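Engineer: Starting from the structure of chain P, add chain A where the hints point.
Protein chains in written order, with the working numbering: chain P, 1 to 426; chain A, 1001 to 1620.
FYI, nobody ran anything at the bench for these hints, they're computed from the structure. Where hints are given, some of them may not hold.
[To be verified] In the DSS-like style, the derived pairs of lysine-lysine whose C-alpha atoms are separated by at most 30 Å in a straight line are:
id	chain 1	residue 1	chain 2	residue 2
1	A	K1382	A	K1511
2	A	K1511	P	K292
3	P	K139	A	K1003
[What the hints assert, rightly or not] Among chain P residues calculated to face chain A with C-beta under 10 Å, some are:
id	residue
4	I134
5	I136
6	F314
Keep in mind the model is a prediction, meaning the values are calculated, not measured. Even for Gly, the Cβ is constructed at its ideal location relative to N, Cα and C.
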Amino acid sequence: MYSERKNIFKIDWTLVLVYIFLVGFGLANILSSSISGENISLFDFNALYGKQFIFILSSLLVIIITLTIEVKFYERFSSIFYLVCIFFVLGLFIFGKEVNGALSWYSFNNLTIQPSEFMKVGTALAISKFISDIQINMKKLSDQLKLLLIIILPLMLIILQNDTGTSIVFFSLFFVLYREGISQIYLLIAFIILSVSILTIKTSISTAILLSLIIILLNYLYKKKKSRRFMNSSMIFLFCIFISFLTDYSYKNILKTHQRNYISVWLNLEKDPIRIKQMKRTILYNLNESEKAISSGGFTGKGYLEGTRTIGNFVPEQHSDYIFSTIGEEWGFVGSSFIIILYIILILRIVALSELQKNNFSRIYGYSVASIIFIHFMINIGMVLGLTPTIGIPLPFLSYGGSSLLAFTLLLFIFIRLDANRINEW
Amino acid sequence: MRKSLFPIIVFAAGIIFIIRLFYLQIYSSENYDIYEDNAIRKVFSYPKRGYVYDRNNILLVSNQPSYDVMIIPREVKEIDTLEFCSLLKISKEYLIDKYIKTSKYSTRIPSVFLAHLSKEDYGYLSEKIRKYKGFYIQKRNLREYNTRIGANVLGYVAEVNRKNILNDDYYIKGDIIGKQGVEKSYEKYLRGIKGTEFIQKDRFNRDIGKYKDGVLDIPSISGKDLTITIDSKLQEYGEILMKNKKGAIVAIEPNSGEILSLVSSPSYNPNLLVGRERSKNYFELYKDSIYRPLIDKSLLSMFPPGSPFKILVGLTALQEEIITEKSTIYCKGYYIYGKEKRKINCHCGGGYRNIYNAISLSCNSYFADTYRKTINSQNNTKENFDNWSNHIKSFGLGNYLNNDLPIGKKGVIPDSEYYDRWYPDFKWGATTTISNSIGQGEILTTPIQLANMTAAVANEGYYYIPHIIKKIDGDTIDVRFKTPIKTSIDGTHFKTMNKALYRVFKSGTGKLLNVPGIEICGKSGTVENFTKINGIKTQLSDHSIFIAYAPKENPTIAISVLVENAGYGSVWAGRIASLMIEKYINDNISLKKMEKIVLNKNLEKEYLKPYLSKSFNINE
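For reference, chain P alone in the conformation it holds in the complex (with noise of 0.2 Å):
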C-alpha cells in the first residue's frame, strides 16, 4: 500500500508536460482570437478567455483527484461510470437544450455541460472493462455483439440527438478491437465500405460495382488457397453492391443537404464555377477563411496578437474548432507544424505506454484514449486544413469549452494515473 502511494509521484512527465503545453498554447490563442484591443485581463471572467481560464482551474482539481484515487477504483466502478453517463446523455432528451441544432446541453444559468464528451471517458472504460475480462473470447461472435452494444448504444443516442460529428468520434474504438484480436475480416469490411462508398459517391453506382468485380476477380484468380474461394469472392462481391447502393440512397435521401453539400465539396464533386462561388460565400465561408488565414501566416506568422484575420474575426468558431486557422495565421507554418508534431508525440507516447501495461484493462484503455485524442486531431486539423469534410468537433486541449477540456482532461489523467501503477502490476 505504501509503496503504491508512493507511485503517485511516477507519472509520466512526458505527458503531463506536454498535456501543460497544450492547454496553455490555447489559453493563449483563445485570448488572441477572442479580444478585440480591449484590456487583457485574465480575471474578465466574461471575456471568453477568463472563462477558458477557470476551466483551466477546475482541470486541475480534476487532475488531483483523478491522480489520488485508488487504481482498482477505475476498473471496478468502469460500468457505473459508463451507465451514469448514458443516463445523463438520455435525460438530454428532457432537459437538454438546442444549439445549432444538436440536443446536447445541459444549461444551468451561465453554465451548460455537454454529457456527450464524458460519455467518451465512460465507453473507454467500459470496453476496456469488458474486453480485459478473462471470460471473454474476442473471437466469439455473441462477445462481439455485446462489445458492438456498449459502443452502439451512446452512438446511436448521440446521433438522435443530432450530434453526428460527436457519434462519429466512437468509431475510433474500432482501432482498439483490431489491436485486440478482433477478426481481420473486420478490417477488411471497414476498407470495403469506405472504398465502395468514396468511390460510388465519387464516380456511379455501376462505376464502382465494375471496378470491385475486377478487383475481386483478380484477386480469385491469383489465391493459392484454392477451398471456398468461390463462395468468399462472390459472397464479397455481392457484399460490394450492396454497399454501392446503400451508400447512393443513404447520399441521396437520409443525408440532409448541408452534409451532402459538405461531402460534395470535400470530393470536390461540383464543377459549376459559379455555384463554387456561392458555396465559397455560404457553406464553404468557413473553410475558405480558415485557409486564407492559415496560407497568410507563412512561414513564420505574423506573431502573436498581431493576426489580421484573427483580430477582425473572419473565420467563425475561431477559438472553438477553429482554433488552428489562428496558430496558423500567428505562428506560421513553424507553429502550426510544430503543434501537430506535439500531438503526434502525445498520441504515439500513450501508445507506447499501452503496449508496456501488464494489466490488460490498462492497455486497452490506454489505446482507447489515443484513439479518441487522434481521431479528433484528425478530424478537427483535416477539416480546418480543408483535407477532410466539415465535421464540428474540438481539437482536444487546445479548443475553447469547459466540457471537452475535462473530459480530455479526465480521459488522459485516468490513463497517467493507471500508468504510474504499472510497477505495482503482476
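Structural biologist: Below, chain A alone, put in the same frame as chain P:
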C-alpha cells in the same frame, strides 16, 4: 501488424498535415503584403495640392474646402423629410432617388449624398445635420482659381479615369489628377504624396480600430507650389483683345524661352470646371463645335504660316550664299515659273527688290525666285531640298518642341522623302513646291512654333525651348529649359534680317503699327485657308497672322498672333501684336484708338458663315 497499424496511421496523418501546411503557408502563400490584406482597410489622407503663382508672384490657383453631405443608407433612421429637404434645398424625389441609388451600391459604405455645399450652407448645416442619423458632412479639397484667365494654361483637375489607374498604380478610384495645362504637366509636383492609414476591419467590413495603433501609418507629403512663366496681366490683356475672335497669341521671352502669355481664344473661366456644376459646364464647352473653347489653339492650331515664313527662306538663302544682301531682282507684280508658265501674284507694288524691301513689302516674287534658286542650285534637287528643310527645322518647326505643355502638334516641314511619297512617278522640283517659298503649300506651323521661331530670330541664332515653368518650390526645373539650341544659320545673317524686319515697321506693311518709344521688328502674314462644307473644299476668309519682337536691341518679347479669318495680317494680328508689346514693355497703352478698334472687332458673322448653309463671300 496488429500493434503497428495504429501508429502508422497516426504518423501518416501527421506527415500529410505538415505537407498540407507547407503547401498552404509556404508553397502557395505570397509574401505578406499589408496592401493585399483585405482584413486591413487602407485609408488615404490627401495632402494639400500645390499652389500656382504667376511670374510676378500673383496667386493664380489655390485650394478651397468643399463640403459633401454623405449618407450611410443602413444607418438612416426615420426623419422629417420635409424639414430635411428644405434644409438641404433638395426635392423629396431627389432624397428618395438618391437613397435608393446609394443603397444599391452599398448599405454600409458611405456614399456622397449631396456634393459641394457652399461655405455658408456648411456653417448652417454642420450643427443641424447631427439630428439626422446616417448623414454626415465630409470635407474635401477643391481647386480655387483666383483668376478668370489662362484656363488653357492652368488646366483643370478631375477624377482619375480607368486609364490613369492602369498607367500609374499611385492612383485609386476617386483620386484627383491634373487633366490639362500645368495641372497635368506638373501633376507629380502639385499632388504631393498621399499618406496611408491602416485600419483593422472585421468580417462584416466594419472598422474596429487602428492597425497596430497606427505605427505603420504613412503621413502625407504636401504638394509643391509652382511659379509659372505667365505674366497674368499680359495674359489677361491678350484675352481681352481676342474677345469675339478665334485665334491665339503666344509671347515668349527670347533670352530665356519663358512663355509670357499663351492666349487661346475663345477661352473660358477656369472656375467653371470646379464644383457641382462641373460636368454640366464641361459638356456645354465641349459641345460648342464652332469656337471649341476647350481646344488650346495656341498649341494645337496648325496652319500655313504665310509671309513670316519668308524670313526663314531668306535666312536659308543667305546662309547657302544663294543671295547676298545686295542681290536684287525686278518684280513685275507677279512671278512666272515652270514649264506651264504658272503665276504667283505679288502685292508689293512691283519694282527692284532686295532682301530688305522684299521683306518689308512682303514681295512674293523675290522669295519665289530665291527659293527656286536655293532648291535648284548645283542640280541636286533632293539634297538641296533636304538641306533647306533642315535649316527650317533648326528653328523648331516641323516637330514637337519637347516642352512642358502636355499637348502640342508637330506641324509639317516637308523633306524630299515627303514629296517622293507624294509624287512617286514624277520628278518634282522647286517649281512643284514653289508655294513653300511664301509659307503656303505644305508648310504647317502652330502659334507657339511661330513665336519660338521669332524668338530665335530675335536672339540672332538660338532659342530656348519655350516652357511654362519658372520655379518649383524646393526643386529645380529641367535642365533642358536652360540649354540654348542653335539654329543652323550664322549670326551675321540675322543682323541683315533684323534690319529688314525693322524696316517692316519703318516703311513696310507694319508702318501703321508703330508704338511710340519702342523699336519693333516684325512681319505680317495673310494666309489662305480652306474648309470642307458638305464634302466640298471651300475657301474661307484669310487668317490674319503677325510675328514681332521688341525692342530691336536686346529684345524682351517675341510674339506671334493668329486671328482666324480676319483678313490682312497687318490689320488685325498686327494691331494686337503692337498692343501686346506696348502692354508688356510700357505697362500702359498709348495707342488708345487702336485698342478701341481691336476691342470692337467682332468676327462672329465670319465664323458662322460656313454653318449657314448658303453661299458667302470671303475677305469682305
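Engineer: Work down the list of hints and note, for each, if the structure agrees.
Structural biologist: Cross-check of the supplied hints:
no., hint, in the structure
1, K1382/A to K1511/A, "39 Å, violated"
2, K1511/A to K292/P, "83 Å, violated"
3, K139/P to K1003/A, "18 Å, holds"
4, I134, "20 Å, violated"
5, I136, "17 Å, violated"
6, F314, "4 Å, holds"
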